[in-house]
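What follows is the residue order along each chain.
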Amino acid sequence: MTGNEAIAEGAVQAGCVFYAGYPITPQNELTAYMAKRMAEVGRIFIQSESELAAINMVLGVSAAGGRVMTSSSSPGISLKQEGISYLAGCQLPCVIVNIMRGGPGLGNIAPSQSDYFQATKGGGHGDYHSIVLAPSSVQEAFDLMFSAFELADRYRNPVIILGDGMLGQMMEPIYCTRKKRTTQNAQRTTQKKWALTGCKARSPNIIRSLFLAEGKLEEINKILQKKYKKIQVQEQSWEGLFLEDAHTVFVAYGTMARIARGLMYGLRKKGMKVGLIRPISLWPFPLKAFCNLPGVRRYIVLEMSYGQMLEDVRLAVERKKSVEFFGRAGGGIPKEEEILKKFFKKKVEL
Amino acid sequence: MTEKIIIAGSGGQGIMLLGKVIVQAALLGGLNITWLPSYGAEVRGGAAYCMVIISSEEIFSPYVEKADTLIIMNQPSLLKFKQRLKHKGLLLINSSLLRTPPKEGLNKIYFPFTEEAIKLGNIRIANMLALGGYIQKKKVLSKALAFRAIEEIAPAGKKNLIKINKKAIEEGIRITR
Chain A
1 MTGNEAIAEG AVQAGCVFYA GYPITPQNEL TAYMAKRMAE VGRIFIQSES
51 ELAAINMVLG VSAAGGRVMT SSSSPGISLK QEGISYLAGC QLPCVIVNIM
101 RGGPGLGNIA PSQSDYFQAT KGGGHGDYHS IVLAPSSVQE AFDLMFSAFE
151 LADRYRNPVI ILGDGMLGQM MEPIYCTRKK RTTQNAQRTT QKKWALTGCK
201 ARSPNIIRSL FLAEGKLEEI NKILQKKYKK IQVQEQSWEG LFLEDAHTVF
251 VAYGTMARIA RGLMYGLRKK GMKVGLIRPI SLWPFPLKAF CNLPGVRRYI
301 VLEMSYGQML EDVRLAVERK KSVEFFGRAG GGIPKEEEIL KKFFKKKVEL
Chain B
1 MTEKIIIAGS GGQGIMLLGK VIVQAALLGG LNITWLPSYG AEVRGGAAYC
51 MVIISSEEIF SPYVEKADTL IIMNQPSLLK FKQRLKHKGL LLINSSLLRT
101 PPKEGLNKIY FPFTEEAIKL GNIRIANMLA LGGYIQKKKV LSKALAFRAI
151 EEIAPAGKKN LIKINKKAIE EGIRITR
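Just so you know, the protein sequences line up as chains A and B, in that order.
For the first sequence, the numbering used here assigns the number 1 to the initial residue and increments by one for each residue that follows.
For the second sequence, the numbering used here assigns the number 1 to the initial residue and increments by one for each residue that follows.
Mixed in with the good hints there might be a few duds.
Unchecked claim - SDA-like cross-link-like pairs, simulated, lysine to any residue; straight-line CA separation at most 20 Å:
id, chain 1, residue 1, chain 2, residue 2
1, A, Lys270, B, Ile59
2, A, Lys342, B, Lys20
3, A, Lys36, B, Met1
4, B, Lys20, A, Pro173
5, B, Lys66, B, Ala154
6, B, Lys66, A, Asp127
7, A, Lys269, B, Ile59
8, A, Lys269, B, Ser95
9, B, Lys66, A, Leu287
10, A, Lys335, B, Thr2
11, A, Lys341, B, Phe147
12, A, Lys335, B, Ala154
13, B, Lys66, A, Lys273
14, A, Lys335, B, Ser95
15, B, Lys86, A, Glu338
16, A, Lys288, A, Lys321
17, A, Lys192, A, Leu340
18, B, Lys137, B, Ser95
19, A, Lys227, A, Leu287
20, A, Lys226, A, Lys342
21, B, Lys108, B, Lys138
22, A, Lys341, B, Ile123
23, B, Lys66, A, Tyr265
24, B, Lys80, A, Gly103
25, B, Lys66, A, Gly331
26, A, Lys36, B, Glu57
27, A, Lys345, A, Arg297
28, A, Lys273, A, Glu337
29, A, Lys335, B, Lys137
30, A, Lys335, B, Gln83
31, A, Lys335, B, Lys138
32, A, Lys269, B, Lys82
33, A, Lys269, B, Thr2
34, B, Lys86, A, Lys192
Stated by the list, open to error - With beta-carbon atoms standing in for the labels, derived distance ranges:
id, chain 1, residue 1, chain 2, residue 2, range
35, A, Glu338, B, Thr2, 42 to 50 Å
36, B, Lys139, A, Gly331, 30 to 38 Å
37, A, Cys90, B, Ser142, 55 to 63 Å
38, A, Lys288, B, Ser55, 43 to 51 Å
39, B, Ser55, A, Tyr175, 51 to 59 Å
40, B, Arg84, A, Leu106, 25 to 33 Å
To be clear, the hints were calculated from the coordinates, so they are not data collected in a lab.
For each residue, glycine too, the CB sits at the ideal point set by N, CA and C.
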């Protein structure tokens, strides 16, 4: 299965009842897979007339209580930002998949990680955060869809799956047999007390992001901030390798983390004490991963961008350790040899 | 064992499919795999390539910087990828679509896959002839696994194509022997 297809299948099994999207490379296989699969399970697939229409349809169905998803790639995700801000303001759960490509502008269709800022720091207007998860293999892309829908519902908040063109296009084998859960997950609507399900025998629910009464919006913002604080404490996730003895630690996510992982094992074979921190949740950023690592002398941040996650790593280590960086963007994939040349004197056979 | 392969040719030659059959066969043989296509605006006649890794160990980056094997199906692909072959790597070339005369060398193998495919009655199975050549020269995958992969990949309703593809693999093994 390709990464795109695994994400789509994961969404179906996690109980996504409504998908709307507009085609864009390199995530087209996701939309195509959904077109076929959603009809098979009797749910709704819409190829919308635009990205704006897709995100706003998602908002509507989410308000009605369904598990909903949309997907796109960088320029399309930019178009969706207004809707994402509204979803955050209305406190509506949804899953948004961004299979990143090169930017800025229309850019190209090569893999990239240049939308980190947009995904983790807001993207749309207003003081809000989306939860951001970054898979680094096709299996993980599938698995994280379950967490994504759970987190969205638990916190009534948009969740972004941040992948890149390489992850979307590559094929790897996966285990995906969770058929029993599929129907259960799709029936979650009934459990959402806040959803607009018809107010017979109960007082009406109101969902909106417009609060004009004096002081009301500030009050809402305080509620949101309290929620974000809770997410930051509870939902940090990461993978740490060889952190007990490492002097040098690579920090990378998604596809870039796979390159870093290969480098790390190569260097360890040479007897060098190298480790890896791979953030899985990009927001909340896994600050906890950087605590209590007295042996680490330097962090090397690797990205397919010109240093976006780098800023969060610097905040995490608070200038106490050296933080170095290598990245390429616009479709350039950092090569193992150029990373080794920049940071290590030794030549390593990988 | 880790085997990194780049397969390149022009759109329509079945480059992606050849990669898929290799990874499917490897998967059936219990190996780890990754398959990464070039996914640009590929059209019939344009450039197309895919990167395949099969390994008994964990595979890190799916991107192939230096390949153990290059399977080259036309002239432009040779120019584009010949630098990417490892020292002593296997270079398998479709000589039917080569403008420059072949330069023989160690592990450099030329076969007219397209011409042989025409002889078998279907120009589109040149890719499977190349697969036969790969099976014969590298001994990483077995013919039986490749046959099973073909059976699994063939879409329902197109099962009649299994036979000619198997025949092409066998012929590929024979001519490269």
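Results of checking the hints against the structure:
no.	hint	in the structure
1	Lys270(A) - Ile59(B)	holds (19 Å)
2	Lys342(A) - Lys20(B)	violated (36 Å)
3	Lys36(A) - Met1(B)	violated (38 Å)
4	Lys20(B) - Pro173(A)	holds (12 Å)
5	Lys66(B) - Ala154(B)	violated (31 Å)
6	Lys66(B) - Asp127(A)	violated (46 Å)
7	Lys269(A) - Ile59(B)	holds (16 Å)
8	Lys269(A) - Ser95(B)	violated (41 Å)
9	Lys66(B) - Leu287(A)	violated (36 Å)
10	Lys335(A) - Thr2(B)	holds (19 Å)
11	Lys341(A) - Phe147(B)	violated (44 Å)
12	Lys335(A) - Ala154(B)	violated (36 Å)
13	Lys66(B) - Lys273(A)	violated (26 Å)
14	Lys335(A) - Ser95(B)	violated (31 Å)
15	Lys86(B) - Glu338(A)	holds (17 Å)
16	Lys288(A) - Lys321(A)	holds (15 Å)
17	Lys192(A) - Leu340(A)	violated (51 Å)
18	Lys137(B) - Ser95(B)	holds (16 Å)
19	Lys227(A) - Leu287(A)	holds (18 Å)
20	Lys226(A) - Lys342(A)	violated (43 Å)
21	Lys108(B) - Lys138(B)	holds (12 Å)
22	Lys341(A) - Ile123(B)	violated (46 Å)
23	Lys66(B) - Tyr265(A)	holds (18 Å)
24	Lys80(B) - Gly103(A)	violated (25 Å)
25	Lys66(B) - Gly331(A)	holds (19 Å)
26	Lys36(A) - Glu57(B)	violated (34 Å)
27	Lys345(A) - Arg297(A)	holds (17 Å)
28	Lys273(A) - Glu337(A)	holds (19 Å)
29	Lys335(A) - Lys137(B)	violated (29 Å)
30	Lys335(A) - Gln83(B)	holds (15 Å)
31	Lys335(A) - Lys138(B)	violated (27 Å)
32	Lys269(A) - Lys82(B)	violated (30 Å)
33	Lys269(A) - Thr2(B)	holds (16 Å)
34	Lys86(B) - Lys192(A)	violated (58 Å)
35	Glu338(A) - Thr2(B): 42 to 50 Å	violated (21 Å)
36	Lys139(B) - Gly331(A): 30 to 38 Å	holds (36 Å)
37	Cys90(A) - Ser142(B): 55 to 63 Å	holds (58 Å)
38	Lys288(A) - Ser55(B): 43 to 51 Å	violated (33 Å)
39	Ser55(B) - Tyr175(A): 51 to 59 Å	violated (18 Å)
40	Arg84(B) - Leu106(A): 25 to 33 Å	holds (29 Å)
Checked against the numbered hints listed earlier, the structure breaks hints 2, 3, 5, 6, 8, 9, 11, 12, 13, 14, 17, 20, 22, 24, 26, 29, 31, 32, 34, 35, 38 and 39; every other hint is satisfied.
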